[in-house]
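Engineer: Letter by letter, the chains look like this.
There are 6 protein chains.
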Amino acid sequence: MDRFEKGLEILKKLNDENSQELMENLKDIAPDLGRYVVEFPYGDIYARPGLDLKSREIATVAALTAMGNAQPQLKSHINGALNAGCSRGEVVEVIIQMAVYAGFPAAINGINAAKEVFRRIDGKIP
Amino acid sequence: MDRFEKGLEILKKLNDENSQELMENLKDIAPDLGRYVVEFPYGDIYARPGLDLKSREIATVAALTAMGNAQPQLKSHINGALNAGCSRGEVVEVIIQMAVYAGFPAAINGINAAKEVFRRIDGKIP
Amino acid sequence: MDRFEKGLEILKKLNDENSQELMENLKDIAPDLGRYVVEFPYGDIYARPGLDLKSREIATVAALTAMGNAQPQLKSHINGALNAGCSRGEVVEVIIQMAVYAGFPAAINGINAAKEVFRRIDGKIP
Amino acid sequence: MDRFEKGLEILKKLNDENSQELMENLKDIAPDLGRYVVEFPYGDIYARPGLDLKSREIATVAALTAMGNAQPQLKSHINGALNAGCSRGEVVEVIIQMAVYAGFPAAINGINAAKEVFRRIDGKIP
Amino acid sequence: MDRFEKGLEILKKLNDENSQELMENLKDIAPDLGRYVVEFPYGDIYARPGLDLKSREIATVAALTAMGNAQPQLKSHINGALNAGCSRGEVVEVIIQMAVYAGFPAAINGINAAKEVFRRIDGKIP
Amino acid sequence: MDRFEKGLEILKKLNDENSQELMENLKDIAPDLGRYVVEFPYGDIYARPGLDLKSREIATVAALTAMGNAQPQLKSHINGALNAGCSRGEVVEVIIQMAVYAGFPAAINGINAAKEVFRRIDGKIP
Chain C
726 MDRFEKGLEI
736 LKKLNDENSQ
746 ELMENLKDIA
756 PDLGRYVVEF
766 PYGDIYARPG
776 LDLKSREIAT
786 VAALTAMGNA
796 QPQLKSHING
806 ALNAGCSRGE
816 VVEVIIQMAV
826 YAGFPAAING
836 INAAKEVFRR
846 IDGKIP
Chain S
726 MDRFEKGLEI
736 LKKLNDENSQ
746 ELMENLKDIA
756 PDLGRYVVEF
766 PYGDIYARPG
776 LDLKSREIAT
786 VAALTAMGNA
796 QPQLKSHING
806 ALNAGCSRGE
816 VVEVIIQMAV
826 YAGFPAAING
836 INAAKEVFRR
846 IDGKIP
Chain L
726 MDRFEKGLEI
736 LKKLNDENSQ
746 ELMENLKDIA
756 PDLGRYVVEF
766 PYGDIYARPG
776 LDLKSREIAT
786 VAALTAMGNA
796 QPQLKSHING
806 ALNAGCSRGE
816 VVEVIIQMAV
826 YAGFPAAING
836 INAAKEVFRR
846 IDGKIP
Chain Z
726 MDRFEKGLEI
736 LKKLNDENSQ
746 ELMENLKDIA
756 PDLGRYVVEF
766 PYGDIYARPG
776 LDLKSREIAT
786 VAALTAMGNA
796 QPQLKSHING
806 ALNAGCSRGE
816 VVEVIIQMAV
826 YAGFPAAING
836 INAAKEVFRR
846 IDGKIP
Chain H
726 MDRFEKGLEI
736 LKKLNDENSQ
746 ELMENLKDIA
756 PDLGRYVVEF
766 PYGDIYARPG
776 LDLKSREIAT
786 VAALTAMGNA
796 QPQLKSHING
806 ALNAGCSRGE
816 VVEVIIQMAV
826 YAGFPAAING
836 INAAKEVFRR
846 IDGKIP
Chain F
726 MDRFEKGLEI
736 LKKLNDENSQ
746 ELMENLKDIA
756 PDLGRYVVEF
766 PYGDIYARPG
776 LDLKSREIAT
786 VAALTAMGNA
796 QPQLKSHING
806 ALNAGCSRGE
816 VVEVIIQMAV
826 YAGFPAAING
836 INAAKEVFRR
846 IDGKIP
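Protein chains in written order, with our numbering: chain C, 726 to 851; chain S, 726 to 851; chain L, 726 to 851; chain Z, 726 to 851; chain H, 726 to 851; chain F, 726 to 851.
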């Protein structure tokens, strides 16, 4: 199994719908970037054996909340965290904790992202 | 047990030496900031039951690596992550993963921080 | 008066409407974060005697404009700055000044936030 | 020719429509900021002889993509890069490259900005 | 009095020693950048009548503490804030407050910068 | 020629000495990160045909100056920019321009990085 196949397998598990949208969105302007997303983050990094997927998604949700400039990707990884075995409560804890390291606005905006993801899963928003 | 006592207990467990240095350092210029560090991050947040300390330190190491502008605190939390039960390998995985979300320079500078912490623990640097 | 009560008093003075929305918004997903917002930023920090509220809001508007990744909170604090005694002109000066430290895009986006806040106060947008 | 006139000449060449909107937008709240935008970035910096306009726009698109908190200005400069002689493919390459230095989310959000600019030029969005 | 002269006058008042070092440092590699520093931030912005110098320095100390990636300039402006009429206590308050908006590491690193500036003024470090 | 070989060829051309140090530095703690640096940034991205190496280094110097939290990598790429055909004057122009998008402190700190690189090349510092 090559890097792309390995990556796609993990990506499907974590974020099937979002990743198909991403590929679709990139295909006419930067299809190679879509391929790199599968190959490097997922095929190379998430596929590494030294850390479980749940911890990897905790790390990613923390980083994207703290950086505060990548809301679409944060939502995608909140979803991924749930698919990797985090409870909603654990995702919320990670985000609240970022108030300490990146300030309250980052944490509040992260919670709003989580709220939207949870509501979409619950069918309350389309 | 009040917020300060609860926080101090957790802080001692995660980062005893670093936190004493921090308090010492702040005491003549902003002692209240030293107290807040114990009360809010540790007494309020890390003390919350919904996420284990190991996952909390993974989140913090991820965020500080990604932000890339707080090397002293990153080193402190790499140490804290080890005290919370992360293996060195797991810490390294979290940091490498940040190449995906914050770029290779952030990951490389994070690895250099980890290297320094590991070497200090091993007695190779004072 | 405890930290929460002290914080709420200040928050009501600076940002009554926004803060009620914030609490309402957080209450079903992360109510503790809503409580922390009252207790730590307002009950602990803004309540401190060493700096007047007007100067505190100038500092906050400056920081949020410079960081550029927290527009809802920037708008809230532009409003808070006016309630703390800043004139519109002073708020605009703080934001323009950020062109020097965080670049012109940060300043322009900050001015757009101020424009929206001013227009809402003037009843030109709902 | 003074700084303002020199700046306006370059700005018209790079971003005529966007810059008129910007001036219009700033005129009732911070007209001096509009004047500074013409004078300092364009009249002082872009007017300097040591680097061609195409390279200047490559630098700006790279920086704004990497910073990730100034989407309106990024779109403006993607347009400016095309007017300075970059092909669409070159703009896309600059943005993809930012995955290395600022992470994949920054690159993906940059590509989405480019897609919107290209579609507007092609008359597919108004 | 032209922009350069006006800027130099303000800069001398706020940061005489630091600004001479800066000019000296830039003169053989980018002397125009040294000139722009005098002309735009000081000659254009700090010279504006709508906000007093003390409030301007509060805004700048806040922003540089929050951004956390410009320690030399933060130290310079802590010094400038004192020269503009801030007490040491007020500078410390501004920096502590940044824990709320940019996280505790930013505030702690800002306090360390202030400590160094205060000790230099007191002749405790050269 | 595989990704690693292709990447190493480009990396040697741009930054031979720095990249050997980097690999050496990573080899006992995160050797795979060293391999990824060769494979993804250089083997995948810089190897792409759509943008010349000189423009790629201009983009990277711009981004790292603007981000302001990766001084070692900025110095490395200032060196790379020279090896890719930029004159010293062009590198200085790119960095000065960042004052517009990321503020004067970022530009000044970038110029200091360039000064150090130029002096090292000239044999004035070891």
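There may be inaccurate statements among the hints.
Same chains, same names: a pair is fine if it fits in one copy or spans any two.
[Unchecked claim] Calculated lysine-lysine pairs in the BS3-like style (CA-CA distance at most 25 angstroms, straight line): (1) 840 <-> 731; (2) 752 <-> 840; (3) 849 <-> 731; (4) 752 <-> 849; (5) 779 <-> 800; (6) 752 <-> 737.
Please keep in mind that the hints were generated in silico from the structure rather than gathered at the bench.
Engineer: Which of the numbered hints above does this structure break?
Structural biologist: 1, 3
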